[in-house]
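Peer 1: When you get a sec, could you build the whole thing from the sequences and use the hints?
Number of protein chains: 2
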Amino acid sequence: MSRLPIRLEKSVYIAASASAAGKNEKEGPLGDCFDLTSDDDRFGQDTWEKAESEMQRLALDAALGKAGYGQDSLDAVFAGDLLNQCVASNYGLMSFGIPFFGLYGACSTAAESLILASLLCGAGAKRCAAVTSSHFCSAERQFRFPLEYGGQRTPTAQWTVTAAGAFVLTDDREDVRTDASVKAIPRIAAVMPGIVTDRGIDDLSNMGAAMAPAAADTLTRYFSAGADPGEFDLIVTGDLGREGAEILRDLIASTGRDIRRNHVDCGLLIYDCDGTDRHAGGSGCGCSAAVMASNILSNVRAGVLKRVLFVGTGALMSPLTVNQKGTIPGIAHLCDITGEVTK
Amino acid sequence: MSRLPIRLEKSVYIAASASAAGKNEKEGPLGDCFDLTSDDDRFGQDTWEKAESEMQRLALDAALGKAGYGQDSLDAVFAGDLLNQCVASNYGLMSFGIPFFGLYGACSTAAESLILASLLCGAGAKRCAAVTSSHFCSAERQFRFPLEYGGQRTPTAQWTVTAAGAFVLTDDREDVRTDASVKAIPRIAAVMPGIVTDRGIDDLSNMGAAMAPAAADTLTRYFSAGADPGEFDLIVTGDLGREGAEILRDLIASTGRDIRRNHVDCGLLIYDCDGTDRHAGGSGCGCSAAVMASNILSNVRAGVLKRVLFVGTGALMSPLTVNQKGTIPGIAHLCDITGEVTK
Chain C
1 MSRLPIRLEK SVYIAASASA AGKNEKEGPL GDCFDLTSDD DRFGQDTWEK
51 AESEMQRLAL DAALGKAGYG QDSLDAVFAG DLLNQCVASN YGLMSFGIPF
101 FGLYGACSTA AESLILASLL CGAGAKRCAA VTSSHFCSAE RQFRFPLEYG
151 GQRTPTAQWT VTAAGAFVLT DDREDVRTDA SVKAIPRIAA VMPGIVTDRG
201 IDDLSNMGAA MAPAAADTLT RYFSAGADPG EFDLIVTGDL GREGAEILRD
251 LIASTGRDIR RNHVDCGLLI YDCDGTDRHA GGSGCGCSAA VMASNILSNV
301 RAGVLKRVLF VGTGALMSPL TVNQKGTIPG IAHLCDITGE VTK
Chain Y
344 MSRLPIRLEK SVYIAASASA AGKNEKEGPL GDCFDLTSDD DRFGQDTWEK
394 AESEMQRLAL DAALGKAGYG QDSLDAVFAG DLLNQCVASN YGLMSFGIPF
444 FGLYGACSTA AESLILASLL CGAGAKRCAA VTSSHFCSAE RQFRFPLEYG
494 GQRTPTAQWT VTAAGAFVLT DDREDVRTDA SVKAIPRIAA VMPGIVTDRG
544 IDDLSNMGAA MAPAAADTLT RYFSAGADPG EFDLIVTGDL GREGAEILRD
594 LIASTGRDIR RNHVDCGLLI YDCDGTDRHA GGSGCGCSAA VMASNILSNV
644 RAGVLKRVLF VGTGALMSPL TVNQKGTIPG IAHLCDITGE VTK
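Chains as they are written, first to last, in this note's numbering: chain C, 1 to 343; chain Y, 344 to 686.
Pairwise CB distance ranges, derived in the manner of DEER restraints:
1) D601/Y x G70/C: 28 to 36 Å
2) L490/Y x D233/C: 49 to 57 Å
3) Y149/C x Q495/Y: 32 to 40 Å
4) N323/C x G493/Y: 22 to 30 Å
5) E148/C x G494/Y: 29 to 37 Å
Derived pair list, reagent style SDA-like, types lysine to any residue, alpha-carbon separation capped at 20 Å:
6) K668/Y x T47/C
7) K126/C x P348/Y
8) K409/Y x T685/Y
9) K10/C x R350/Y
10) K126/C x L347/Y
11) K469/Y x S416/Y
12) K668/Y x G44/C
13) K469/Y x R221/C
14) K469/Y x D404/Y
15) K369/Y x D617/Y
16) K306/C x R177/C
17) K409/Y x N642/Y
18) K366/Y x H622/Y
19) K10/C x S354/Y
20) K526/Y x G646/Y
21) K306/C x P229/C
22) K686/Y x R530/Y
23) K23/C x G150/C
24) K353/Y x S11/C
25) K126/C x G467/Y
26) K353/Y x R7/C
27) K66/C x A302/C
28) K126/C x E9/C
29) K469/Y x R3/C
30) K668/Y x R42/C
31) K325/C x M437/Y
Hints listed in this document are in silico derivations from the structure and should not be mistaken for laboratory results. Think of the CB as a built atom: it goes at the ideal place given N, C-alpha and C, for glycine as much as any other residue.
Peer 2: If you want it as structure tokens, here you go:
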């Protein structure tokens, strides 16, 4: 199995997903897709960190409500965020009292948590959840500058998305609530963990370039194991941004494959980037979590998208390692999601 | 399965384990047990963060060597540490090129990584690894004060251990290398993820008190599901320190059970605490990782310990949440390890 895709022997379904997002995200192209939004990005809390925790709580609560599951029925939740010591997750999900696995995969955490939740569902658990978040204001002051500083950004810089996404998984198709609008149930058919990849990028304002080689490595391994890029309605990366997405397409083209027709990036879907401060697009692990949990999976459920390859990408540096002249390692985790047509 | 132990249907074995540790740890009661030590805590590196990464690399390399496994044969590695963005793991294990899952469970990470590695081995992977580290110098300047400041500590404060531990797991007993000295092979019989528990402790210098209720919750759930404290040669927590260990014993006693006879804490095993700066004992996720990977598992292999309950405990706050008047949530993950007697 080493370095190869893990095909789930037992079927694992995404019973429901939900998202919470901030003001900029609500005003973006996918604004109508999010379940909960806050016009001041505070979600009723008095610190940005508590606001981020609250987004996680709201997203998981909404996903459980859609699935019709009580919180007591979950075997485990896998969760992560960008904050030091992952406190958005630690505090945000405490009230549920669910067995908890904390993850750190930078912006790849949505995919990492989906992989681990689906593996645990396939290994005897019945229902698991995966929750991820980021918040522009908590991330900005931790990773970059105080908000009041108003620093300018380079064109390749990405904008940390204020959002959370939650997914509730089950090992039983009969356990998935459907209605007439649901044409297909999203099933996780295969997963593939990423390998840490470092090509020497050291520019904190160009993380897309640092992550693209990791995405190319994971996708190439997946395609080499038998999948063809053309099989997928969408290949969804999150979040390479404009620069990283271009680099990924070029890297894949250099292997003789073409993803230009069906590749989209969550960081480019969530904002209308032209002429705004969003520059190269969104980033932050809430970005791909919220885009997948809302727009993409809705389209799978509606039968519009039949097969989606989700590749979550993360940049694994810290401000300290970059100050110490370190380069930026990247990682990319993959989930192959199929819509299983309902009767 | 919810909130209950997960009994591994397929047997998962710890084929080998190894540890790297610093000067204070070498001079402690378990000093002779560690595979690699560094008298200046630098492991040949020019920053403390790189030294911590190097400990992870050395520990995994040594564990692979003992097991006789090539790094290419590992299906995945689960790793974590205490540094912001988990950079000790991200950079330290990059050279192996193994599919990588980054975790954050504070000082519970050794147990969290063992749980997830054993679940993946039970779900189709053949060989997985779990690696965890902490370093006094990188942790001190990140969480507390610059080393040069020389701040005094309260009696309940713990000392971050400079150490890393690595475990290599396999799903095949025939895949475990043994010699005449090996009387038993450590097998992970059951695991149980922790639930985030917050009893309102807000003193950063008394994290044992914040973690003890989580350990009590996990142990009580495990005992209630059918295990008796007396079945285990050792119940090993990591790392509650002196204060937390006392609180845990009292909390368990209040449920009508007694663990005083067979409970030890990794933070109290690794240092001779009386009259030294170690105060309430060791902490940091390298502590339980190194103690389990060296002394405890050696005694399982030697047939001295037949059954060990390992409960890794973590405090899930950040310096920021404590400054914001937040309390300190704790978590405790459990692994039930049995020595399977060799022929």
